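Work out the full structure: start from the sequences and follow the hints.
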Amino acid sequence: MTEILLSAGVVALLFALLAMGVWVAFALFLVGALSLLVFSNAPLGTVLATSTWGASNSWALAALPLFIWMGEILFRSKLSDNLFSGLAPWLTRLPGRLLHVNVFACAVFAAVSGSSAATAATVGKISIPELTKRGYSERMMIGTLAGSATLGLLIPPSIILIVYGVATEQSIARLFVAGVLPGVLLVLLFSGFIVAWALVNRARVPSQEDRTSLAERLRAGRELLPVMLLILGVIGSVYLGIASPTDAAAVGVVIALILAWRSGDLSWTSFRDGLMGAVRTSCMITFILAGAAFLTTAMGFAGIPRMLAAWIGDMGLSANELLVALTIFFVVMGCFLDGISIIVLTTSIIMPIVEQAGIDPIWFGIYLVFVVEMSQITPPVGFNLFVLQSLTGRNILQVAWAALPFFLLMGGAIVILTAVPDLALYLPSLMGR
Amino acid sequence: ESWDMPTPYPDATFHTQNIMQFAEDVKEATDGALEITVHSAGSLFKHPEIKNAVRSRQVPIGEFFLSLLTNENAAFGIDSQPFLATTYEQAEALWRAQAPVVTELLAEQDLMPLYAVAWPPQGLYTKEPVETVEDLKGIKFRSYNAALEKFAQLAGMAPTQVEVPDIPQAFATGRVEAMITSPSTGANSKAWDFVEHYYDIKAWVPKNIVVVNRKAFRALDESVQTAVLNAAKAAESRGWQMSQEETQAKTDMLSENGMEVHQPSEALMQGLKQIGEEMIADWKAEAGPAGERILEAYQAD
Amino acid sequence: MRAILNRLYEVSGLIAAAFLVAICAVVVAQVALNAIDRVAGLLTGSAIGLVIPSYSTFAGLFLAAASFFALPYAFRHGAHIRVSLVLQHIPAGARRGCDILGAAIVTLFSAYFTWYMGVLALESHAFGDVTSGMVPVALWIPQGAMTLGLGVLTIACLDDLVVLLLGGEAAFNAEGQQLLAGRDEGASGSAAGAMGRSTDGGGPMDGDGR
Ligand code: NA
Ligand code: NA
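Protein chains in written order, with the numbering used here: chain A, 1 to 433; chain B, 434 to 734; chain C, 735 to 944.
These are calculated hints, taken from the structure and not from any lab test. Note that the structure is a prediction, hence the values are computed from the model and not measured. Keep in mind that a hint or two might mislead.
Stated by the list, open to error - To spell it out: a stretch of chain A is covered by chain B in this simulated footprint if at least three of its residues, at any positions, have a beta carbon under 8 Å from a beta carbon of chain B; those stretches are:
1) 42-53
2) 338-351
Claimed, not checked - Just so you have them, the derived chain A footprint on chain C, three or more residues with Cβ under 8 Å:
3) 781-787
4) 815-822
5) 836-845
Just so it is clear, CB atoms sit at the ideal spot from N, CA and C, and this is done for glycine as well.
Next comes the structure, spelled out in C-alpha cells:
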C-alpha cells in the first residue's frame with residue numbers, strides 16, 4: 001500500500017511541477033530523479049548521465065530532426081501554399097474540404113516517418129498557416145492534426161512496432177503489414193468525422209470558393225507536382241533499395257532544398273531560418289524524449305509499472321475483460337509516461353498473460369499501437385500535444401480538448417479491431433508459406 | 434538484499450531464460466537473502482550501456498554480448514573470428530583459453546565474469562544458392578564490424594551496413610543479399626519472410642557473458658557469494674546444453690517454414706576456411722599480447 | 735556581459751546547426767554511394783560495396799551533440815515548452831514567484847546534470863571506452879560535447895534567474911512559434927504573413943520572425 005501512496009506522490013509532484021510552469025522535459029527528469037531516490041538505492045547522478053547518454057546517441061532518432069528540417073524548408077517555400085491551392089479545387093464537394101488534407105498528408109507522411117512527433121511537426125508546420133489563412137476552425141485544425149499524426153506509428157515504418165517486435169520476438173515485417181488495414185480504418189474514421197462535423201457546422205467551414213471546371217482543376221493540380229516529386233523521391237529511395245527509412249529523411253531534406261531553390265524560394269536567410277527553426281524544435285523534442293527515457297529507467301528501478309501489470313495479471317480475467325483492463329491501464333499510464341516507455345517496461349509481465357488468454361501477439365501489437373497513439377494525445381504528457389503547443393502557442397489543455405474527439409474515435413477503432421480481428425490478421429496471414 | 438540485473442535480449446531468448454533460472458537458483462540457495470530482478474530486452478539499460486552501468490555500480494550485475502567489446506581489446510572478440518572455433522567442442526576450448534585473459538582484463542574495470550554461454554554456431558543466409566566462394570562475388574553482405582567488413586572483402590562480397598530492425602526491408606528491396614547470423618536470430622526474426630537459403634557453415638560461436646561488480650560481490654556474505662558462484666557454474670553448463678538444443682530446434686524451424694536448409698558444399702567450406710586462416714593471421718599481428726596469449730593457449734589445447 | 739552571454743548561446747546554437755547539417759551530409763553521402771553501387775550492379779552484375787564506415791554510429795553521435803549544444807539556444811528562444819495554463823490565471827506577482835522558483839530549480843538541476851555528465855565523460859576517458867562497430871570512436875568526445883551543452887544551459891538558466899531576481903523579464907518567456915498568429919492579425923495573403931510577429935529580441939538569429 002505504501003507503494004501506491006508513493007506512486008500517487010510521484011504523480012502529484014509531476015502535476016505540481018508542470019502547473020508551476022517548469023519545462024516539460026525538466027519536469028520529467030525531476031520526477032524520475034525523485035522516484036529513483038525514493039524507490040531504489042541506485043546512484044542518481046550516474047544513472048541520470050548513463051540513461052541520457054544512451055537515449056541521446058541514437059541512429060533511429062536521427063531521422064526526427066531531418067524530417068523537421070524538411071518541414072521547415074517547405075514552410076518557407078511556395079510548395080506548402082501550392083499543396084493547398086492545388087488540392088482546394090478537388091475538395092470543393094467534400095464536406096470539410098481542406099481539413100481532410102491534414103488526415104491524408106499525415107497518412108502519406110506516415111509512410112516515410114516512424115514517429116508521430118515528426119509527423120505532427122512536419123505536417124503541422126505546413127498546414128497550420130495555410131488553413132489559418134483560409135479561415136478554417138482552429139479547434140478542428142489542431143484536433144485533426146493531433147489525431148492524424150498518430151498514424152505515423154501505425155502505417156509502416158513504425159518505431160513502436162519495431163520496439164514491440166524486438167521485445168516480443170515477433171516478425172517486424174508481419175507487424176508492419178498488419179498495421180496497414182487498421183491505418184486505413186483510422187483514416188476513414190477521421191475523415192468521416194470531419195465530414196459529419198462539417199455537415200453539422202456548415203457555418204464554421206469557410207465559404208465555398210467558386211465551382212471550378214475540370215480543366216481549371218487540372219491546371220491547379222499542376223501545382224501539386226513538386227510536392228508529389230518530393231513524396232515519390234522519399235518513398236522511392238526506400239523501395240529502390242538505396243536508402244533505409246531513416247536515410248530517407250535526409251533524402252527528403254535534399255529534395256526539399258532543391259525544389260525550394262528551383263521555385264526561387266531559397267535564399268541564405270530562408271535557409272538559415274529553416275535550419276535554426278529545425279534546431280530549436282528538434283532540441284525541444286529530443287530533450288523531452290531524454291527526460292522520458294530517464295523516467296523510464298527510474299520506473300524500471302522502482303518497479304511501479306511492473307507491479308501494476310502483475311496485479312492485472314493476477315485478476316484472472318477472460319480475454320475481453322483483460323483487454324478492457326489493459327486499455328484502462330494503458331490509458332491511465334499513458335497520461336504520465338510516453339507510450340514506448342510503457343511497452344518497454346511492461347511487455348515482460350504482460351505478454352505471458354496475453355498469450356495465456358489466447359490473444360494473437362501480432363493482433364496485440366496493433367492493439368498496443370492504438371493505445372499508445374491514444375497516449376500521444378492525453379495530457380499532461382502527450383507528445384503530439386507538446387508539438388502542437390509548440391507550433392500554435394495554444395495551451396496544452398486547449399490542444400488536448402481539440403484532440404478529444406480523435407481520442408474517442410481511436411477508442412472506437414479498438415472496439416472495431418476487437419470485433420473484427422482480421423483487420424489486423426488477414427494481410428499477415430497471406431505472408432505465411 | 435535485492436539486485437537489479439539488466440539484460441539485452443528478450444524473454445523468449447534462451448540466454449534470458451537461463452538467467453531467469455539462475456536468479457531463481459540464487460534465491461533458493463540463499464533462502465531469499467539475495468533476490469535478483471531480471472530486466473530483460475534492454476528495458477533498464479540499452480545493450481551498449483550495460484557493461485559500464487555495472488562498472489559504475491548503477492547495477493551490481495548484468496549480461497552482454499562479449500565481442501561487443503572487440504574495439505576495447507581484440508581479446509574480447511576472438512570468439513567472433515570467422516572459422517577459428519566452429520564446433521561446440523572448439524568453442525568450449527576457446528573459452529577455456531579466453532576466460533583467464535578476459536577475467537584479467539575485466540578486473541581492470543572492477544568487473545568479474547560469472548559465466549559465459551555460447552550462441553548457436555553462425556550460419557549463412559542468402560537470397561540465391563551458393564556452391565562456392567566464387568558465387569559470393571559481388572553480392573551485398575551485411576557487415577556490422579571491422580572483421581566482417583574484411584571478411585566480405587576477402588570473399589569478394591560488397592559490404593553494406595544495415596541496422597537490425599531494417600533487415601527484412603533491406604532484403605526485400607535488395608539493399609542486402611546475404612548475412613551471417615545464428616539460426617536463433619534467423620528463426621526469431623522469421624527470416625523465411627525475406628530470405629530463401631540457409632547454409633550451416635558454423636562460421637563462429639560467439640558468447641554472452643554475465644558479469645558482476647567486484648565490490649558489490651565482495652559486499653555479500655561469504656555464504657551468499659558461494660551460492661552465487663555455484664548457481665553461475667550450474668547456469669554455464671545448463672546454458673551450453675540449452676544452446677545445443679536451440680541450434681537443432683531453430684534450424685528445424687527454418688526448414689519447417691519453407692527455407693532451404695543446406696549443408697555447405699566441400700568447395701564452399703574450403704574457400705571460407707582459407708579466408709578464415711588469412712584473417713586469423715592478420716588478427717594475430719594486430720591483437721596485442723592478450724590476444725596472442727589466448728590464441729597460443731587455444732592452439733596448445 | 736549581456737553581449738558576451740548572448741553570443742555564447744548563439745554560438746552554441748550554430749554548433750548544433752552544424753551537427754544537424756553533418757547528420758544530413760553523412761547520410762546523403764551514403765545514399766549517393768548506394769545509388770552508385772546500384773547502378774554499377776545493374777551495369778556489371780556485381781555491387782562494389784561503397785560504404786562510409788559506421789555512418790549510422792556517426793549520425794547518432796552527431797545527434798547527441800546537436801541536441802545538447804542546442805539546449806541553451808532553444809531555451810533562450812522559448813522553444814522548450816511548459817504548461818502555462820495555471821500561470822495565465824494567477825496574479826502577476828505570483829506568476830513572477832513561480833518563474834523565479836522554476837528558474838532556480840532548473841538552474842540547480844542543470845548544474846547537477848552537467849556535473850554528472852562530466853563525470854561520465856571522464857570515466858569513459860579513464861577506461862578508454864569506445865563505440866562498437868567498424869570505427870571505434872572514443873566515447874568521451876561526444877559525452878564531453880553533451881557536458882559542454884549542459885554547462886552552457888546552466889549558464890543560460892542562471893542568467894535568467896539573475897535577471898528575474900533583479901526585476902527584469904526572462905528570455906525563456908519568449909513566445910516560441912506562433913503559427914496561428916495570422917488569425918489575430920486578420921487573414922493575410924501569404925505564408926509569411928501567417929508567421930506573424932517576431933518571436934523574441936534575441937539577436938540576429940531569431941528564427942521565425944523576419
Ligand atoms: Na510510419
Ligand atoms: Na499522454
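Here's how the hints hold up against the structure:
1. 42-53: holds (count 7)
2. 338-351: Our answer is that it holds, as 5 residues pass the Cβ test (under 8 Å) against chain B, meeting three.
3. 781-787: violated (count 0)
4. 815-822: holds (count 8)
5. 836-845: holds (count 4)
Of the numbered hints listed earlier, the single one contradicted by the structure is hint 3.
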